[in-house]
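The whole structure should be built from the sequences, with the hints applied where relevant.
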Amino acid sequence: MAVLLCLFSVPAVAQMADVQAVVTRINEASATIESLECNFVQTNHVAILDDVMVLEGRMSYERPENLRWEYTKPYSSVFVLNEGEAMMANGGQKDSMDMSKGRVFKRIAGLVMDCMSGKALSDERLFGLSVQEEAGAWKVSMTPKKNSMKQMVLKLVLHYDPVRDVVSGIEMHEPSGNYTEIRFEDINLNQPVSPSVFRLDQEAETGL
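Following our numbering, the numbering of the sequence shown begins with 1 at its first residue and continues without gaps.
If you are wondering where the hints come from, they were derived from the structure by calculation, not from laboratory data.
No experiment lies behind these values; they were computed from the predicted model shown.
Among the hints, a few may not be true.
Said to hold, decoys possible - Derived pair list, reagent style BS3-like, types lysine-lysine, alpha-carbon separation capped at 30 Å:
#1 K119 to K155
#2 K145 to K155
#3 K119 to K146
#4 K73 to K155
#5 K119 to K150
#6 K119 to K145
Claimed, not checked - Quick list of the computed label-pair ranges, beta carbon to beta carbon:
#7 N39 to N90: 18 to 24 Å
#8 D186 to E34: 17 to 23 Å
#9 Y75 to A21: 39 to 45 Å
#10 S194 to E28: 27 to 33 Å
C-beta atoms are modelled at their ideal positions from N, C-alpha and C, and glycine is treated no differently.
Okay, structure coming up:
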């Protein structure tokens, strides 16, 4: 799963002067999020082929670390993180792994949750930050500082809706030139989420 969106120019001074204020605002708003459910549209851009692939799906998140990432079009596939255990279902086949051993999946899941919660912005040791304003919204560019992360990600971009105080999209740019855009739609905050959403038993897998 590859994880977690146009630029309107504003004066550079205004962009840079607001970085700390924007980060503080995002972190404060994120701290109030106990759960989040939404639809998403993911566009994968493949540099070498000059081509794109569009996928649609649904995401469910529950604090502190429950996540369901489900693709519904053009195929069905589910990734679930539930209390330290990562599970995947592909075409009715279910696999389970210990997150302490599945480092790649742990990084993917952690990246998605940290972006949604705002946690990714809090540690200055991880990312260098810059902020631009886009027609009333915020675009936060995050450049990795650690070599281990640089091998996976060249730059992350969070699109933030200050009206709803929620992340509305994520971009992930890879060193290869490939990049992924994810746009979140129909966002539903702090509503009860059924525990079955974070399981891959027969009930949760309906439709796979």
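Verification of the supplied hints:
1. K119 to K155: Distance of about 16 Å is within 30 Å: holds.
2. K145 to K155: Given that 30 Å is the threshold and the Cα spacing comes to 10 Å, the pair holds.
3. K119 to K146: holds (16 Å)
4. K73 to K155: Holds, at about 27 Å.
5. K119 to K150: Measuring from Cα to Cα gives roughly 18 Å; hence the hint holds.
6. K119 to K145: holds (16 Å)
7. N39 to N90: 18 to 24 Å: Distance hint for N39, N90 holds at roughly 20 Å.
8. D186 to E34: 17 to 23 Å: Since D186 and E34 have Cβ atoms about 18 Å apart, the given range 17 to 23 Å holds.
9. Y75 to A21: 39 to 45 Å: holds (42 Å)
10. S194 to E28: 27 to 33 Å: About 28 Å separates the Cβ atoms of S194 and E28, which means 27 to 33 Å holds.
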